[in-house]
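**Q** Okay, here's what each chain looks like letter by letter:
Protein chains: 2
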Amino acid sequence: MNNKYKIPEILNTIINGDCIETLKNIPDNSVDLIFADPPYFMQTEGTLLRTEGTAFKGVDDEWDKFSDYEEYDSFCTAWLKECYRILKKDGSIWVIGAFQNIYRIGYIMQNLGYWILNDIVWNKTNPTPNFKGTRFTNANETMLWCTKSKNAKYTFNYKTMKHLNNSKQMKSVWNIGLCIGNERLKDGNGDKVHSTQKPQKLLMNVILSSSKVGDIILDPFMGSGTTGAVAKETGRNFIGIERDKKYICYADERIANIKTQTDNHIFNNSLDIKPPKVGVDILLKNGYLDIGETFYDKNEKNAKTLTNKGHLSDPDNELSIHKMSATILQKSNNNGWDYWFVKRDDKLISIDNLRNKYRKEHLNYNAIYSLPQIIL
Amino acid sequence: MNNKYKIPEILNTIINGDCIETLKNIPDNSVDLIFADPPYFMQTEGTLLRTEGTAFKGVDDEWDKFSDYEEYDSFCTAWLKECYRILKKDGSIWVIGAFQNIYRIGYIMQNLGYWILNDIVWNKTNPTPNFKGTRFTNANETMLWCTKSKNAKYTFNYKTMKHLNNSKQMKSVWNIGLCIGNERLKDGNGDKVHSTQKPQKLLMNVILSSSKVGDIILDPFMGSGTTGAVAKETGRNFIGIERDKKYICYADERIANIKTQTDNHIFNNSLDIKPPKVGVDILLKNGYLDIGETFYDKNEKNAKTLTNKGHLSDPDNELSIHKMSATILQKSNNNGWDYWFVKRDDKLISIDNLRNKYRKEHLNYNAIYSLPQIIL
DNA sequence: CATTGATATGAATCCTACG
DNA sequence: ACGTAGGATTCATATCAAT
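Top line first, the protein sequences correspond to chains A and B.
Just so you know, the working numbering puts 277 at position 277 of the first sequence, and the rest follows in order with no gaps.
Just so you know, the working numbering puts 1015 at position 15 of the second sequence, and the rest follows in order with no gaps.
Hints were generated in silico from the structure; no laboratory data involved.
Do not take every clue at face value.
To be verified - With a straight-line cut-off of 20 Å between C-alpha atoms, the simulated SDA-like cross-links for lysine to any residue are:
1. LYS277/A <-> LYS323/A
2. LYS1331/B <-> THR51/A
3. LYS1162/B <-> PRO129/A
4. LYS1132/B <-> ALA326/A
5. LYS1081/B <-> LYS1132/B
Please take these sequences and the hints and turn them into a complete structure.
**A** Now the structure itself:
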């Protein structure tokens, strides 16, 4: 029954239909990433007037109406269960919400077996102020990033995100503005098409951090299509679900105008693609290193001899390049590729350089060491 | 049974005992504010090694051990129920947690009838990095600020917090560093006394925003006593509960060394204390305004006549000072005190100035209009 | 064209004391 | 509890008109 759709048929389309019913027709273990922006169940009443007397137009859509927490909880349990089934074993899911609903979502997800990796805070740089001075300005929304289990081998493009964050590891609080200006979809009357269109920068961070080129990304609440737009731009595939045809119409047009850029080192996560494994034995066999030659540290000290097994020896020990360097440094472990040098033309050369030379000459692999620094 | 303790007897003390059992002995509707920093149920396993090989000392205390979510949920339901009973009708409660537990807490609180006012993000300016590069640096904790019902008339010192935030309304994301240096309690060996001591700045924001001088603040998980220390410094009363006598010993000494500063305009919330109400009729009776005199706007236009009822009239209408100004401005309502001026010695004087003159001369009340600006 | 100022608006659980 | 009158309350951007 869960196979009405074949993945290739629905790839890069927005399916028009009820969220839960549509999810039920998507096969098990079939998508790499899910981004879900469900209704928040805001529970606002009446009209909020700005200081100057005009009305604030917030969310007053039918799709955000639920009778009580119980109804909202069953709704969320149902779609989150389907997502669990549809997500691949090592895939991950992002769900965005605010204080009105995110505690329902998080509780339900943990009970369904999801494992929270981070709760990411979207710190809005330009939030709607609190007109009446009754509370702290509500300036944040929350995204729960989860796997299907504690031991899932999820994708996290650590180096790409570090590069995007001025070469410091990216934190769980993201400062991003609201979706306004040209990015915000408007209808013929100049009114916003969707009351809660998410900024592309938010989706960019989500997709670049936790998916790879060619991955399949599912959005069960596609709305104005931000997920699809960013997925296409970064070379990922998407599957959208949306019950309002008007939204689909605008989203389709929006996505059609996007160009994929897979030669972009940020979008294709070059920094995080691991180079092919090359051992000391391979370098020996191919003449990049010689049996019996001397390894030195960067100060030309701690000389050791390379054995035919690709180990390093001195009168006391024969150890791997890693263990030998760790022993010298009195640490439990250490990366020998960064520690050891050999002599070529009377100059010290890092064995890591020799390894990359081999990768380039024999495996046609060019490592990307760094990209131009991004100034935020 | 819920009356073993009389509030005056336990005021400004830390009760040694089990949290839930002790809470049961505190009377109904007896405290103004609760701050709770419960165990987070971190579920960490094994030892996390830093890059250089040393061990990271996180939370590994017995008090953070629970067998599963079910046990944690019942524990939290129990103490949150007692807090609901103990809190006054218009009091409020803060609960701090992180992604491991805050979704359990929020869900349970909403189900118990608590009404979330804000979810405050503590954005740590100096978080522990993610040593292994496996996720985004977990840089935030969350505080849920709630009342007992949607309609509770809770305390929020809006102007004090605005003043503390460089004269802009304070938002829900707070940038505050971890508790380190001299503020962090150390034992005789130089080890930290408590593994999760909260920074005073965090508690300062909590207490200054949502309580008044003389209020009673309950902390069911007193730990190292930060709540008590800040409560005492700002002129509030506290009641602490803690089951570990070692913590109480350090907390008692810490709090004993604090001096109360109630003459501090920030601590006593002078900016938020409302001036006594004075109507136009009072100013008329006391000769600050005269029947029949002319009211003008700031440009000496829109002249209206003051009636014996304290209203403003023109040939068409007789309205309150507020309604009349709103009519002129074509707004649904407006503050007439800021809009209208009268002539004294041929100069325009704001009627709000006259009102403050009356307050000063007859009610011995001096309004605080502003404090020196705080540069953050 | 550059600069200034007025206006519009964004996932919002948005007043309070008194009779 | 409920209705009514009093009177207190906004920040960061984008757009567009005016200078």
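**Q** Check the structure against each numbered hint from earlier and tell me which ones fail, lowest number first.
**A** Number 5 only.
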